[in-house]
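Colleague: Fit chain R to the known structure of chain G by using the hints.
Protein chains in written order, with this note's numbering: chain G, 14 to 118; chain R, 26 to 464.
Any given hint could turn out to be false.
[Said to hold, decoys possible] Residues of chain G clear of chain R, computed beta-carbon distances all greater than 12 Å:
1) Arg30
2) Leu72
3) Gly77
4) Val81
5) Glu85
[What the hints assert, rightly or not] Within a straight-line C-alpha distance of at most 25 Å, the following computed SDA-like cross-link-like pairs (lysine to any residue) qualify:
6) R/Lys283 x G/Pro49
7) R/Lys283 x G/Trp71
8) R/Lys283 x G/Leu51
9) R/Lys283 x G/Arg100
10) R/Lys283 x G/Ala46
11) R/Lys283 x G/His43
12) R/Lys283 x G/Thr114
13) G/Lys47 x R/Ala202
14) R/Lys283 x G/Ala67
15) R/Lys283 x G/Gly110
16) R/Lys283 x G/Phe36
17) R/Lys283 x G/Asp74
18) R/Lys283 x G/Pro38
19) G/Lys47 x R/Asp177
20) R/Lys283 x G/Thr62
21) R/Lys283 x G/Ser42
22) R/Lys437 x G/Asp74
23) R/Lys283 x G/Arg45
24) G/Lys47 x R/Phe387
25) G/Lys47 x R/Gly207
26) R/Lys283 x G/Glu99
27) R/Lys30 x G/Glu99
Hints listed in this document are in silico derivations from the structure and should not be mistaken for laboratory results. For clarity, every value in this text was computed on a predicted model and none was experimentally measured. Glycine is no exception: its CB is placed at the ideal position from the N, C-alpha and C atoms.
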Amino acid sequence: MSEDNRSPVRRMTVADRLFLVSFRPAHESHLRAKDPGLCAECVGRPCTTVCPAAVYEWLEDTDGARLVISFENCLECGACRLACPERNIDWAYPPSGHGVTYRYG
Amino acid sequence: MEQDKFDLIVVGAGPAGAAAAMRAARAGLDVVLLERGSSPGGKNVMGGVMYGHALRDAIPDFDPRTAPLERTVAEQGYWLLTGEDALRVSYRSPRHAAPPENCFTVLRARFDPWFAGQAEEAGAMMLTGTTVTGLIRRNEDPRGQVIGVRTDRPDGDLLADAVIVASGVHALPELLAARPHGDLRPDQVALAVKEVVHLGEEEVGRRFALAPGQGAAYELLGTITRGLPGVGFLYTNRDTVSIGAGVVLADLAAAGLKPYELLDGVKEHPMLRPFLDGGDVVEYSAHLIPEAGHAGLPDLAGDGLLVAGDAAGLVNSLRREGSNLAITSGLLAADAVIHARETGDSSARGLAGYAESLGRSFVLQDLRRYRQAMPYLRAHPEFFGLYPELAAIAADSVFLATGEPRRQRARKLIAELRRRRSPLRALRDLWGLWRALNG
Numbered sequence: 014m015s016e017d018n019r020s021p022v023r024r025m026t027v028a029d030r031l032f033l034v035s036f037r038p039a040h041e042s043h044l045r046a047k048d049p050g051l052c053a054e055c056v057g058r059p060c061t062t063v064c065p066a067a068v069y070e071w072l073e074d075t076d077g078a079r080l081v082i083s084f085e086n087c088l089e090c091g092a093c094r095l096a097c098p099e100r101n102i103d104w105a106y107p108p109s110g111h112g113v114t115y116r117y118g
Numbered sequence: 026m027e028q029d030k031f032d033l034i035v036v037g038a039g040p041a042g043a044a045a046a047m048r049a050a051r052a053g054l055d056v057v058l059l060e061r062g063s064s065p066g067g068k069n070v071m072g073g074v075m076y077g078h079a080l081r082d083a084i085p086d087f088d089p090r091t092a093p094l095e096r097t098v099a100e101q102g103y104w105l106l107t108g109e110d111a112l113r114v115s116y117r118s119p120r121h122a123a124p125p126e127n128c129f130t131v132l133r134a135r136f137d138p139w140f141a142g143q144a145e146e147a148g149a150m151m152l153t154g155t156t157v158t159g160l161i162r163r164n165e166d167p168r169g170q171v172i173g174v175r176t177d178r179p180d181g182d183l184l185a186d187a188v189i190v191a192s193g194v195h196a197l198p199e200l201l202a203a204r205p206h207g208d209l210r211p212d213q214v215a216l217a218v219k220e221v222v223h224l225g226e227e228e229v230g231r232r233f234a235l236a237p238g239q240g241a242a243y244e245l246l247g248t249i250t251r252g253l254p255g256v257g258f259l260y261t262n263r264d265t266v267s268i269g270a271g272v273v274l275a276d277l278a279a280a281g282l283k284p285y286e287l288l289d290g291v292k293e294h295p296m297l298r299p300f301l302d303g304g305d306v307v308e309y310s311a312h313l314i315p316e317a318g319h320a321g322l323p324d325l326a327g328d329g330l331l332v333a334g335d336a337a338g339l340v341n342s343l344r345r346e347g348s349n350l351a352i353t354s355g356l357l358a359a360d361a362v363i364h365a366r367e368t369g370d371s372s373a374r375g376l377a378g379y380a381e382s383l384g385r386s387f388v389l390q391d392l393r394r395y396r397q398a399m400p401y402l403r404a405h406p407e408f409f410g411l412y413p414e415l416a417a418i419a420a421d422s423v424f425l426a427t428g429e430p431r432r433q434r435a436r437k438l439i440a441e442l443r444r445r446r447s448p449l450r451a452l453r454d455l456w457g458l459w460r461a462l463n464g
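Next up, chain G with everything else stripped away, as it sits in the complex (with noise of 0.2 Å):
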C-alpha cells in the first residue's frame, strides 16, 4: 500500500465512516440483550464482528464484563439479529422519526 494521503483509499475507521451518515437518537436503545448471561457465555460473539456499524462491543473492566450497544450508530441493517446464536438481541426498527437517514442510499 503507498502512503498517499490525498487517496480514499487510505484506510478510514468505522467512526470515520459513520461520520459521513445522518442519525437522529432516539432516547432508549431498539436494541437489547434478552438474557446478558447469555452474551457472557458466548462463543465468539459474532454481533461484536458483524456489525456494520461496531454497534456491539465486550467490555470487560472493573465495573464487570458486559456487552455495550451503541445503538445511536445502528444501521438497521439487522445482521446482529440474525446472526446472533442464540437469538437473544431483542431487535425492532427506531421508533418512527429516529435513526439513520441515508442522503444517498
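Modeller: For chain R alone, coordinates are given in the frame of chain G:
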C-alpha cells in the same frame, strides 16, 4: 385516524410498495402508503441497478429524462479479481443504453421519493415517519383476516380491506415467525456494505471511458471476498461511484471478519484503486439481502394480506436482480387486490391470483430456475478461491511471453492445473456448477 378505512394499506414505500400503491391508486382504490423513513429511500440501500422493463410496467408513459436516475447502463461485466490480478469480461452495447433502456444505476435516497411520488400523483396518500409494528386481525384472532396495521404513531391504527407488506427483508415480526421454515437464518441472507465515492461527473466519465449519461456496472468475483461466498460491485453514478461487497452472513460471522474490513480489501485491490483514487467518500451504508430464493419463499398471501419484494425474499442474487422483482411483485399484488375488490372477496382465496401471476412471471420462474445455484456455490468455496486462482494462472500462460516454446509451457500449465485440482474433480465441479446454474 381509526375511523378511516382504506381499500388498501401498503407497508413500505420502496420499489415494491410504491409500485403496488401507484397501480392500485390508478385503478381508483383508496390507498395509503406507509413509510418509516422521514422520506422514501431515507432508510434504503441497494447497489444499485434499477431495470427499465419494470419501470415501464409501473409507469405507462415512463420517460427516463424525468426521473432521478444516475446513469443509463451501457456496460456490464464480471471482474475476476485475485491477488493483484484481474481477468475482466464485460459487454458494452449502445443498444442497452438506447430506448427501451435495459437498466439504470440509482441512489435510493434520490430515486425512491420520485418513484413513491408517482403513487401520490396517482392518488395514493403517503404517510412518512410511520413505522408499522404489527398487523390487526379480525376479532384479534392470530389466524384471523388481516384488517389493518398498527403503527407506533399516536392513535396509529389504520384499517383496510387488504394489506400489502413490502417492508423489506425483515418484513414484520409476526410474518417472520409464520414463515414455513421459521424466521430467516444467517445462511439465507447476505450482508452488504457500500461506499459512495464522489469523483465529479466528468471524472466518472473519463475513468470509465463513458459517454455522457452512460454508465457501467461491474460485479467483482474471485478472492476479493476472501474466500467467502459473495460478490463485490462497482457501479457508476452521475458524479459518484458505488463500491461495495456482500457475503453470506453466516460465513462472515464464522470467519470473524468485519464487513468494513472486507470493504477495505476490495477498495485496495490494484484493479480498483485507480477508479477511486482522489475521490471523497461521501457515504457509508449497510444492508441485508434475502438470498434464500425459491427455497425460502414465505406464504405470499393470507386472508387480507399479500407480501411483496424483499419482504417475500424475491431476490435473484445470482443475477443481482431484486429491484425489478420488487416492482413486478408489487404490481401483481396490486392487481390481486383490485380483483378482490371487484369480487368482494379479499380472503386468501380471493387474493390467490397474486401467487398464480407471480408464478407465471419471470419472478418465480427465475427463482425456481436458480434454486440450486446459491446452495451449490456456498457448498463449493473453491469457486471463491481455487478456481479464480487457476483462471489467473491460465491467463498468465496466455499473455506472458517468456522465450520458452509455447508447447513446453502448455505442458507445464496443464501439470500445474492438475496438481492443484484433479481433472476429474474439476470436471465434476464445473458440471455441478453448470447444472446449478441451469436448473
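Colleague: So, for every hint listed, does it hold in this structure?
Modeller: Status of the hints after comparison with the structure:
1. Arg30: violated, 4 Å
2. Leu72: About 18 Å separates G/Leu72 from the closest Cβ of chain R, which puts it past 12 Å; holds.
3. Gly77: holds, 24 Å
4. Val81: Fine: 17 Å to the nearest Cβ keeps G/Val81 off the interface.
5. Glu85: Nearest chain R Cβ is 15 Å from G/Glu85, so the label holds.
6. R/Lys283 x G/Pro49: It holds: about 23 Å lies between the C-alpha atoms, which stays within 25 Å.
7. R/Lys283 x G/Trp71: holds, 15 Å
8. R/Lys283 x G/Leu51: holds, 22 Å
9. R/Lys283 x G/Arg100: Within the cut-off at roughly 20 Å; holds.
10. R/Lys283 x G/Ala46: Distance ~21 Å between R/Lys283 and G/Ala46 Cα, so the pair holds.
11. R/Lys283 x G/His43: holds, 22 Å
12. R/Lys283 x G/Thr114: It holds: about 23 Å lies between the C-alpha atoms, which stays within 25 Å.
13. G/Lys47 x R/Ala202: holds, 18 Å
14. R/Lys283 x G/Ala67: Holds, at about 9 Å.
15. R/Lys283 x G/Gly110: Judged against 25 Å, a Cα distance of about 29 Å means the pair is violated.
16. R/Lys283 x G/Phe36: Cα-Cα ~22 Å, so holds.
17. R/Lys283 x G/Asp74: Status holds; Cα separation ~24 Å.
18. R/Lys283 x G/Pro38: holds, 24 Å
19. G/Lys47 x R/Asp177: holds, 22 Å
20. R/Lys283 x G/Thr62: At roughly 5 Å apart (the allowed maximum being 25 Å), G/Thr62 and R/Lys283 satisfy the hint.
21. R/Lys283 x G/Ser42: holds, 23 Å
22. R/Lys437 x G/Asp74: violated, 59 Å
23. R/Lys283 x G/Arg45: holds, 21 Å
24. G/Lys47 x R/Phe387: Measuring from Cα to Cα gives roughly 42 Å; hence the hint is violated.
25. G/Lys47 x R/Gly207: holds, 20 Å
26. R/Lys283 x G/Glu99: Cα-Cα ~20 Å, so holds.
27. R/Lys30 x G/Glu99: This hinted pair is violated, its Cα atoms lying about 40 Å apart.
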